[in-house]
Structures are given as structure tokens and as C-alpha cells.
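What follows is each chain in one-letter form.
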Amino acid sequence: MIATNNDLVYSNRIKKLRDKVLDTKPSVCTERARFYTEIYRKNEAMPVPIKRALALEETLKNMSIYIDEGELIVGNHSSKLNAAPFFPEYAVEWMLKELDEFDKRPGDAFYLTEKTKEEIRQICPFWEGRTTLDKGYALMPNEYKEVHRAGIIRAEGNLTSGDAHIAVNYEKILALGLNGYLDSVSHHRNTLDLTDYNDLKKEQFYKSLIIALKALQQFIKRFEHLSLERSKSESDPKRKLELLKISENCSYISENPPNDFYQGLQLVYFVQLVLQIESNGHSVSFGRMDQYLYKFYKRDKAANLITEAFAMELLESTWVKLMSVKKIRSWSHTKFSAGGPLYQNVTIGGQTTTREDAVNDLSLLILKSVGNTKLTQPNLSVRFHQNLSQDFMLECMKVIEKGFGMPAFNNDEIVIPQLINLGVEEDDAYNYSAIGCIEIAVPGKWGYRCTGMSFLNFMRVFMASINDGIDNISGKVFHKGKGTLNDFKSFEELLDAWKDQIAYYAKVTIAIDTAIDTVLEENVPDILCSTFVDNCIPRGKFIKEGGSKYDFISGLQVGIANLGNSLVAIKKLVFEEKRISSSELTDALDNDFEGIQGEKIRQILLNYAPKFGNDDDDVDLLLKDAYMDFINELAQYHTTRFGRGPIGCKYYAGTSSISSNVPSGAVVKATPDGRKAYMPLAEGSSPSSGTDILGPTAVFKSISKLPVEKILGGILLNQKLNPQSIKNESDKNKLISMLRTFFTDLKGWHVQYNIVSRETLLDAKKNPEQYRDLIIRVAGYSAFFNTLSPDTQDDIISRTEHSI
Amino acid sequence: MIFNIQRFSTHDGKGIRTNIFFKGCPLRCKWCNNPESQNMQPEIFFTPSKCILCMECVKSSKNNEFYLENEKIALHRESVKTPEIFRDICPTKAIEVVGNKATVENIIEEVIKDLPFFNNSDGGVTVSGGEVFFQPELLEALTKALKKHNINISAETCLDVPWNNIKRSAQNIDVFLADLKHIDHSKFKEFTNGNLTQVLSNFIELEHLGANVIVRIPVINGFNASEHEMYSILDFAAGLSNVSEVNLLPYHSFGTGKYTLLGRIYDLHNGSVDDELINNCINYAKKIGLKANIGG
Chain A
1 MIATNNDLVY SNRIKKLRDK VLDTKPSVCT ERARFYTEIY RKNEAMPVPI KRALALEETL
61 KNMSIYIDEG ELIVGNHSSK LNAAPFFPEY AVEWMLKELD EFDKRPGDAF YLTEKTKEEI
121 RQICPFWEGR TTLDKGYALM PNEYKEVHRA GIIRAEGNLT SGDAHIAVNY EKILALGLNG
181 YLDSVSHHRN TLDLTDYNDL KKEQFYKSLI IALKALQQFI KRFEHLSLER SKSESDPKRK
241 LELLKISENC SYISENPPND FYQGLQLVYF VQLVLQIESN GHSVSFGRMD QYLYKFYKRD
301 KAANLITEAF AMELLESTWV KLMSVKKIRS WSHTKFSAGG PLYQNVTIGG QTTTREDAVN
361 DLSLLILKSV GNTKLTQPNL SVRFHQNLSQ DFMLECMKVI EKGFGMPAFN NDEIVIPQLI
421 NLGVEEDDAY NYSAIGCIEI AVPGKWGYRC TGMSFLNFMR VFMASINDGI DNISGKVFHK
481 GKGTLNDFKS FEELLDAWKD QIAYYAKVTI AIDTAIDTVL EENVPDILCS TFVDNCIPRG
541 KFIKEGGSKY DFISGLQVGI ANLGNSLVAI KKLVFEEKRI SSSELTDALD NDFEGIQGEK
601 IRQILLNYAP KFGNDDDDVD LLLKDAYMDF INELAQYHTT RFGRGPIGCK YYAGTSSISS
661 NVPSGAVVKA TPDGRKAYMP LAEGSSPSSG TDILGPTAVF KSISKLPVEK ILGGILLNQK
721 LNPQSIKNES DKNKLISMLR TFFTDLKGWH VQYNIVSRET LLDAKKNPEQ YRDLIIRVAG
781 YSAFFNTLSP DTQDDIISRT EHSI
Chain B
805 MIFNIQRFST HDGKGIRTNI FFKGCPLRCK WCNNPESQNM QPEIFFTPSK CILCMECVKS
865 SKNNEFYLEN EKIALHRESV KTPEIFRDIC PTKAIEVVGN KATVENIIEE VIKDLPFFNN
925 SDGGVTVSGG EVFFQPELLE ALTKALKKHN INISAETCLD VPWNNIKRSA QNIDVFLADL
985 KHIDHSKFKE FTNGNLTQVL SNFIELEHLG ANVIVRIPVI NGFNASEHEM YSILDFAAGL
1045 SNVSEVNLLP YHSFGTGKYT LLGRIYDLHN GSVDDELINN CINYAKKIGL KANIGG
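Here the protein sequences line up with chains A and B, keeping their order. Per the numbering used here, the first sequence runs over residues 1 to 804. Per the numbering used here, the second sequence runs over residues 805 to 1100.
There are no misleading hints in this set.
Covered stretches of chain B (chain A as the covering partner; in silico rule of three or more C-beta atoms under 8 Å from a C-beta of chain A):
id, stretch
1, 811-818
2, 854-860
3, 893-904
4, 914-925
Straight-line distance between alpha carbons at most 30 Å, and here's what the computed DSS-like set of lysine-lysine pairs gives:
id, chain 1, residue 1, chain 2, residue 2
5, B, 951, B, 905
6, B, 818, A, 705
7, B, 885, A, 578
8, B, 917, B, 897
9, B, 917, A, 710
10, B, 818, B, 971
11, A, 476, A, 97
12, A, 747, B, 952
13, A, 402, B, 818
14, B, 1091, A, 727
15, A, 245, A, 374
16, B, 854, A, 578
17, A, 732, B, 1095
18, B, 818, A, 398
Everything labelled a hint here was simulated from the structure, so no lab data went into it. For glycine and all other residues, C-beta sits at the position ideal for the given N, C-alpha and C.
Work out the full structure: start from the sequences and follow the hints.
Structure representation (C-alpha cells):
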């Protein structure tokens, strides 16, 4: 089954391209913004979909394109390598405000020329009052806007950039080709009755799709012509042939379904690229690439049309190209997504719809090529299942050993049954893939943001619930409480107060989401993205209008472990043992544990109460119940697509809260788990830093006690392993047997590894220039350590390191 | 009396294991890494660097066990009659009482938490110490209870105990990780205060039982770290029909800090051995038909 065990090292060509993308400082490109502004200005009267289709067309027609020396896969994101396009229709205020600060950021800096800055200053005024951010705030009810402003709920990323968190139907794109889609759109358009209100709206939908599809075709043809032209002046005969081949590929796939693996990969990349020119939503994912491209690879291989080495080189070329896709975020949003990730996920492994192990030769090539290029993109996920072979697991371990946090594992054994429970058809459930970090969806059939809606800061809510509803940062009462800690006669009263507060804030998150989704639906429909997601075309609806087959979404809850640890500390030390009185605790919290008395209280909280992550039911089950108080609230709400087509339209919970634990902690005062004010919260569902003292098996056990089946937005667990831990084969096998237990017996959701020693990280922080290549797992994604702000670097260094 | 239950131990026996450390040992090896494992009674670990001067310990000291001296907390160990009263009183855990009377039920409750990990990795439980056969009743009850859960059991032992102590639990133990520190009686006595005759006779008894024994040899400079001594030890191991594997455990000084915490003095110095000797021993062991590993 497995083709080879040789570790292929990338070619000189890949080395040059890789070096170039790593060495080029990020900047900003204004081309897209300029074209969009012109079209919007000239076509104010046009229906929104047409306006946006024309703007995309104008961009794809006129943006600068280039083919770099040695490139095998072509297509550029913006006018220059590593230049992030600017998307003014979402927000401009932050851009103007931060214009002179981008190069001074402590992490994720961008370097803009004065000319670029001037262009941005010219573009922005048109958009003031017209952006989704402006419209979002205008639509949001005042009370909820205040909660958002207070920072208890954060949804800035959703208002200031596109949606995404989606995989389109690449399988179908490869089968139909772009002409096939045009035929399908025309066919449906011809059935419309334009005397009907709904059909008139659909007419705009179909018209925009045709404009966008043709624009995509023309864009690909521009590369056909460019490479042909370049081939004429190319003196190296080998490169000349390559350029001719590229030209031929582009010519063919601009209209037809691809003929071979090379063309298939090029077409997939073009779609991936243009989706990220149309929208700057991140987590645009590939779905199960080893499945939909395999038939091309198998056919080429059988006919001796491709060598394994060339296939590897093509994949590596693609990964390097993905690195050049850049997104510029506001500084406050950047802190949630430290390291500039685009979260372009590739999923491999898993099972076929006939329940067999889906690993094939291409799975292995993808795994190895990602291990070779060792970049932060794509974000590689492996779907684990019981029958995944030991050989393949060992190959995964070899890549994990390289220490850049990939691959991460998702678990078929929990995901598939839960999807079926939700009402997902069985074949679709077996075809799920990871999206972005660790969240999951059925590629090509699911709407946006299977996770990635608003962020809810659990600890702000918890502190309000022991403080009579007063938010201790803003000083406001958003929802009257049930008393203070001093008032509670029993721990049950405290739990009631939490339940009451969290119910209110659950409602507010949904209300904020609803306002944002409405604004995005009305103002920034994604045309190409909807084209490639089932069943938008037959329904004549954009994804946001209810075009997708499935629609389940989730927000992110931050501070999971802190919640459990705080609850159990109060339960045990205040109510049961009475070692600390409620007024002593209140005083200590108010004073941020200052003074000897405060520090004494803090040490008792730290050392004499159980901590999540140590397989202790006292805290684990308390946390589960408190989390369920939130999750149960979700059941009564639905998304804006409810009743408009998709299956589901429901919310579930999610913990894939990326690097938000640092900025979320920065707005929370001292907490009863012994955490000092403004320090980071626990990351994802991982234990609080340094508190998981019984080793990885205990962590796995604790994690598996969470209501995993209700948190389909993902249960994010980062484990840091000492590099010594995985050196020899027997240690790797121990790690594999531990993973098998976690996934098969404990039905864990996900795990990923940082294999880098604490000493290395400390040294890298001190001497960044010597660690240009050092990649670490931040949350559900990997990032270059150097691009992170010092706060996030410290947070990662402080996570507990386990040894085998 | 036990002093620790350590989950996810991967170096004492096969697979993923939980180690249970018994407190109390007949030997006093000069290089001992776990000095807290030697006495049968609870003891106080005192880490002054963690102290925040909250005075809780002084308040609990009826006989001036803990007292303030030069603005620091000091411990007068001789005054401590019942360490128990200081358990869990120190907020920062600068004071910790090592050793507790765990029941078999308590231990089993902890152990079965990792049962699925044992099953998938061919792991299990390693009983360690101290000396596990120094507490034959507890060990017998514990190993019986573990066997009810079909858990694989390895026992680390110095074998310097009466054979009867071992016999009671021997049938429940899957693998003996038995120390053979020396075969020179006077050196053994000098460095461990033990009785080598008893150790060697227990090796023979285990051979008669046909027990699965892996011989463990600490290699300590100044004690047994010469080719001549090591080869004689290996020869003895090779002569046992039930032994096919030895683990060489080169000296390390990781445990020295704990002597300070106990207020004791570590008086073995320069115990380190060079790689060459270890490699020669491995080659020699192979020559005489033994499988040899460094570490366990």
C-alpha cells in the first residue's frame, strides 16, 4: 500500500521558491481595493450581487499577474509576493488608524511604502459609512453593542472580514470543469419566472455567477498567455518546456475538467486562490485532497505519465504558493490570530464511504511533502480511525517529530456518529474534513463557519455571576445577578447564578451573530464560493441566504479550564472545607492577590483545589455541567438560514479559540483559580498552563469527560512534548498507542503536538535571527515563532511539557 | 505506606505504566535517588525557597518545630514527633509530608484510571520503592486486586528481604526487575548496608520458581564500575536459567536535591561512569548470551 519509505528532500527549485517566500517581508497591495472601489462607485444602482461580480471580474481582469522563476503551479494572490490585498468593503477605520503602525507591531508586522499608504488614504473615504463594520454596528441592538464594546463577547473578525471557514466541492469542480458549472447555471436560470419576486432575486444570483465564472476562466487564460509568452523568450530548453506545459494546462482547465493530476492540482489551486481574492475570510480549506485527486494520480502513475518525485514537487510547489497568500488584520483581531495564519487546511486519511481505510499513495505523498516543506501552510489534518495502519501512524509520527505541529489528528470515531446524529446523511458524514484548524464540516456541502462565530469570554461571565451581575471591567450590569459570593449560602446558589448569567450571554452571542450575518448576507455575498457549494445553484441562493445543504455553526468559548478550576476551588475551599471565607476570597480577588494575605489565598487556590487536566472527577464533571449550562441554552436558537433550505441551521459549542486566550485574559481580572489579573486564560480545551501535573494520559482522560459530542465546533488540545520523547521507534510506538487509546477508547476529538524543548523556545525568543524557521503550534494552527508577539510567545513557553 | 503514584511511566517495564512507590527500604545505598523512600515513616520535605512567610506553619508548631529565625522560617527536625500535623498546612507547599497510608482501594482507584492505556500499549503497573517486599501484606493484597483487573505487574526489588515476603506475591508478579548491585559481600555491605547472601539466595529461589526476571545493575564509580566487577556480576546473571535480559543503570545524580529537602547529606561523590565501560559491558553481556539495555 505504501509506495516508499524514502524520505525525499525537496529540490533546488523548491528550496529557491521556499526561501523567497520566507525572506520577503509582508506588505499590502491596493490593487483589489482600487478595482472594487471603482466598480462600487460607478455602479451604485446595481443589485449587490452584480456589483460584487463586476468588481471581482474587474480585479481578475486587471490585477498584476506574474510567474516566478521555476514555478510549476502558477497564480498569484496580489501584485507582489507576500502582499496582502486590502478589502475595504468590510472595514477601513482600523486601516487608516493603524497605517503608520503596521511595521511597528510586536508581532505580525507589515511593511508599507509611503506610496501604498497614500493610495490607501485615497481609497478609504469612499467606504466610510458603507462598510460591513459600520452597518453591523448600526444594526446591532444597543444593549448588545455595549456587551460587545465591553469585550465580553468579541466578533470583530466577523465584521471586518469575510466569512469563509469553508471547503468548496473540489470533487465536483474536477468532475464538471468550469464550463460544466456555466452550463448548470444557465440551465437553472432558464427556468425562472421573472414575474415572481423570488425568481427575480434568483436572476441576480445566476447573473452574478455567470460573470464570476467567466472572470475566473479569463483569469486562468491570462496565465495561459503569460506562460506562453515567457516560453518564447526562455533560453533554458527545460524551463521552456515547463512553461509550455503550464500554458497548455491553463488553456485546458480554464474550460474543461482536468485530464491529469498536474492539471487537477493547478485547477484546485486556482479556485483556492480566487476564493481568497473574492473574500478575505480565512480557513478556506481543501477538504479531502488525497481522495479527490487520487484517481488522477493513480491513472497517471499506472500509465507512467508521472513519477512520484514529480508529484511531490508539484505538491511542494502548491504548499509554497499557499504561503504567499496573506491577510492583514486589525491589531486587535491579530492578537486572536497570532502568527498571521490563513488556516488553509488539507485533510488526509479517514475512511471511504464504504467504511474502508482511505489512506492511499497520495495520502502519503501529501504527508511527506508537507513534512518536507515544513511551512505553516497548509494546515495538515489526519483523520484517525480504528483501522488506520500502524505504518501510516508511524509516518505521521516522523512528520510530528520534525516539530512544526503537523499533522493534527481528528477522530472519525466521534465525529462521524455525531454528524449522523445531527441529521447528516451517512455518506456525507463519512466524507467530512477538517476546516481551518480542528473544526469539521462536509466539504462542498456545508455553509460558512462550522466554527468561528463570536468569541465568548467565559471568565468575564463567571466573575459577573459571583458579583451580582456587575461586569468588573466595565462596571456595568448587563444582566442583574443573584447576589455576590458573600451572599451565597451554598455552592448551589453560585451554580444557579452562573446558569442565569450564562443564559443571558448565550442569547447575546446569538443576537450579535444574527446582526452580523444579516449584514454580511445583504452586503457582501460571495459569488464564486456559493457557486462551488451544494445546493446553491439549484436553489438559486447564496450560501448566506440558505444555499448550502447543511448549516451548523459554532462560536468559541474561551477560558474553559479556568471555569472548572474556579468553580471547584470555591466549592472545595470556601463551601466544603471553609479554609477560605467568601469575604477573604472576594478581597483577595479585588486586590489581585496583593500582599502576603492575598498571595497566601492565591497559593491555597493553586495548590489545594483540583485542576482540570489531572483526571479528577471533582473538577472535570463540575466543568462539564457548567459548560452544559451554556450548551443547553444553544438548543433554542437557530441561524439566519433557518427555514430557508439547509439541514440544521443550529448552533453547537466550540473551543477552537485560536490564540484568543491571551487577549481574552488581558481583559479579565483575578480569578478564583489563582490566576492573576490580565494573565492569559487557558488555551482551547487544554489545561491551564503548568497545572496538568499527572502527565498526558490524565490530560486525555479529563478532556474526554467534556461533553465532546456536543462540542462539534472542536475540542482543541495542544500537547507539548520534549523532543527526546519521540526519538526512537519504541517511544513513537508508545505515543501511537496513547493516541489510539485517546481516540478509540476515550473518543477524544483532536490532538496536536509541539515537539520543541522549552530551552529552544527561550533561546528563540532571545535570538530570533537564529530561528527564522522555527514553527510552533499556537492553537489549531502553526505559526513562525518569530512572528508572534512576546505575550503569545510567553504563553506558549509556559505550557506544560510532557516527557515519554 | 506509599509515597507516590506516578502515571504515564514509560521507563520501568513495557508500554505505558503506572508506578506505585512503596515507602521503606532495608538498604541504605549511598547513591539512592529516592532518599524519601528509605524510612517507613512519613517525613517532611522542606523547600524554604517557596516560603512566603505567611506563618501558618509557625502557628501549627506546638514544639517550635517551625520557627522564625533571621526573617526566615527554619525547621528543627528533631522536634518533629508527628509530621502528620504539618500535612497540607503550607499554602505554597514549601512544606510537604511525604508518605501516606494508602489503602488498596485508594491505589486501585488511581490505577484503573489508565486501564485503557495499559491495554493498548501492553503496559500495566510497576510496583517500586523503597522495597515492595518490605510490606508483604500490602503488596499481596494489592497484587491480588490488580490481577482481578488483569493488569500486568512488574516489581522492582532489591531482593534483600526474607524469601517468605517474596513468595506470598510471587505468583501475581509478571516480571521481576531485580537489582544485582554487586557480588562482593563486603562491598555490598559497605555501600548498601545490606546482606548479599540473602539477595543471591532469593535469586536462586526465583530461578526455582521459573519467575520472569530482568536483572538490573546500577553502575557506580567507586563501587562496582570496573570491568572485572561488572563482568562477574554479569556472569552471575547469565548463570541463572530464568534470566535472559539485563538493564544497566549508569549513575546519575538527579536525586541529590531531595536530600537537601529532607535535611540530609548526600555523601556519594564522583559516581559517574564513562560510556566506554558501559559499552564494554553491553558487548560482554551479549557474548555470554544476555540481552543488555541501558536504562529500563
